[in-house]
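There are 2 protein chains.
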Amino acid sequence: MSVIDDSKNRQSLQGLIDTDGYIPQLSVDCTIFGFHKEKLRVLLLKYHDLDLWSIPGGFVFHDEDLREAAARVLYERTHLNDLFLDQFHTFGRKERTQNNVHQILLKNRGIEVPKDHWIFQRFISVAYCSLIDYTISETFPDALNESIAWFDVNELPSMAFDHERMIRHGLTHLRRNLDTQLVAYNLLPEKFTMMELQKLYEIVLGEPFRRNNFQRKMLSFNRLERLEKFYDGSANKAPYLYRFKDGLEAFPD
Amino acid sequence: MSVIDDSKNRQSLQGLIDTDGYIPQLSVDCTIFGFHKEKLRVLLLKYHDLDLWSIPGGFVFHDEDLREAAARVLYERTHLNDLFLDQFHTFGRKERTQNNVHQILLKNRGIEVPKDHWIFQRFISVAYCSLIDYTISETFPDALNESIAWFDVNELPSMAFDHERMIRHGLTHLRRNLDTQLVAYNLLPEKFTMMELQKLYEIVLGEPFRRNNFQRKMLSFNRLERLEKFYDGSANKAPYLYRFKDGLEAFPD
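Chains as they are written, first to last, in this note's numbering: chain A, 1 to 253; chain B, 1 to 253.
Hints listed in this document are in silico derivations from the structure and should not be mistaken for laboratory results. Accuracy of the hints is not assured; some may be wrong.
Just so you know, same-sequence chains aren't split out, so a pair can sit in one copy or run between any two.
[Said to hold, decoys possible] With a straight-line cut-off of 25 Å between C-alpha atoms, the simulated DMTMM-like cross-links for lysine to aspartate or glutamate are:
1. K37 - D232
2. K217 - E207
3. K245 - E202
4. K39 - E138
5. K217 - E196
6. K115 - D65
7. K94 - D82
8. K115 - D20
9. K94 - E76
Modelling step: build the complete structure from the supplied sequences, incorporating the hints.
As C-alpha cells, then:
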C-alpha cells in the first residue's frame, strides 16, 4: 500500500465540480483483477477523510469515446496503462448512488456546489474489467485518494456506492469468459502449455480440475490452436504449446 | 407489416422535446430477435418521412431503473411485454449519433428546438437483447413510426445511427450465450429434448451439428440436468428430457 502527499487534494476536489466538459450523470468504473501464483485480487482506492474504498472511476468528456474515458480514468487514478479493458455491464439502478460520496467529500472540504448540480443526482456507470499480473504492475493513488491496494476478492473492505456488486459481477464475467482474449492478452504468453492454462483456470474459478477432463473441455470450445511441442531440456515428456485462435475480441463500443 | 394512423404523430414528436424528466444524452435500445422454424429475424421500426429503420429505443426517466426503461420503451414502441431482456453492451463512440434522426424528424415537422438542446448532442446507448418466437408475438408500431416488421438478420434495410452494429453485436452475444437462461426462458419449454435444443442451436448459430458431438458438448458445459424419458407413444426410442440448471441468470443492473 502506498500513501501520497495530501497537498494536491483540494485542487483536485475543485476539479470534481468543473464539470462542463463532462456528459452529465454518467461515469465509468474499472474493476482490475490481479492474478499471481495462488491469489486473485482486486485493485481498490481509499478516499481521504472517509473509511470507504472504491474501484477506479471517473467521468466521460463530451469529445471522448466511452472506452477512451475508461482508459484515461484508470491511468489518472492508478497509473496503469495499456490494459485490455473489457466492458462487462452498465449499472443503472436508480438508488445505486444514494450514498453520494462526492457530496460528503466536498462538504468536508468546505467546497460549495449548487444543490441541483448533476453531480448530486443519480449516476449510470459503465463498468470495465481487466485481469493482470499484479506483481508486475506499479500503481499509485491520485490526489482524491490517500491509498491504493490490492485486496483478496473474498475479503473486501467497506465499499462506496455499489462497487461491491460491480466487483462481484466483474468476477462472474471473468469466470464466464475465461476462454476468450481477455485472459490471453494480459496474462498468458502468446504460446502456453495446457498446464499453464489449467493453473490459471483453477485459481480464477477457485476449483481444481482433473487434467484429462480439463484438456478435453478446453479443446471442445474449439478456440485453441495446437502448435509445436515445448522442449525444456528436462527428462519429462514434452507438452504441446497452444495459442488462442483469432476472432474472439471483446465488443468494440 | 402493420401500418397505423398518422394523426398522433405530431403530438408524439413534441413529446420528444419535453425532455426534463429524462437523463440527458442517454438512451436504451432493444435488439429483439425472433426465431421460428428455420428463420432468425430481428424486429425493426421505420420512421415516418425517412427511409430509415431502427431498433426500438428511447430515453430513461430520472426515477426509473435502466432495466425498467428498456422494458417500458419496448412496450411503448412495439407492445411487446414481459420479455427476458439481457443487457449486452453500452455503445459510446463519440460519433455514433452523428446522423441525428431526431433533428431531421423535428425539422420536417417544423418543430423548433434550441440548437444547444441535449437531444442534438451525442448519445450513449445501453443495449438489451431478447430472443422470442416471433409467430406468437403481436406487435404494432407507435406514433413515431409508420411500420414495424421482422427482417432476416442477413438482409437488413438502411438503419439509423449505429443500429446495424448493435444488431451484429447482439447476435454475437446471443451466439456466445446460447447455453444460458436467455434461451431457456423465452423459447424452450421448461423441459426439452436434446434434439429440440440442437435445432435451436443450429438455426441461431447457422451451422449443422453431428448429433453425438452436440450432445457431448452440451453435457460438458455442466448446465443441463437430465430428467425422465419422454414417451410420445411412437415406436421410436424415447429420448431423455432435460432442463437448464439454476443460477445462470443475467446480471441484474
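Hints, one by one, checked against the model:
1. K37 - D232: Close inside one copy (21 Å), not across copies (54 Å); limit 25 Å.
2. K217 - E207: Both, since 15 Å and 21 Å are each at most 25 Å.
3. K245 - E202: both (22 Å within a copy, 22 Å between copies)
4. K39 - E138: Classified as within; 17 Å inside a copy, 52 Å across copies.
5. K217 - E196: both (15 Å within a copy, 23 Å between copies)
6. K115 - D65: between (29 Å within a copy, 22 Å between copies)
7. K94 - D82: Between copies only: 20 Å across chains, 32 Å inside a chain, cut-off 25 Å.
8. K115 - D20: For K115 and D20, both the intra-copy (16 Å) and inter-copy (17 Å) Cα distances are at most 25 Å.
9. K94 - E76: between (28 Å within a copy, 21 Å between copies)
In the structure shown, no violation is registered for any of the earlier numbered hints.
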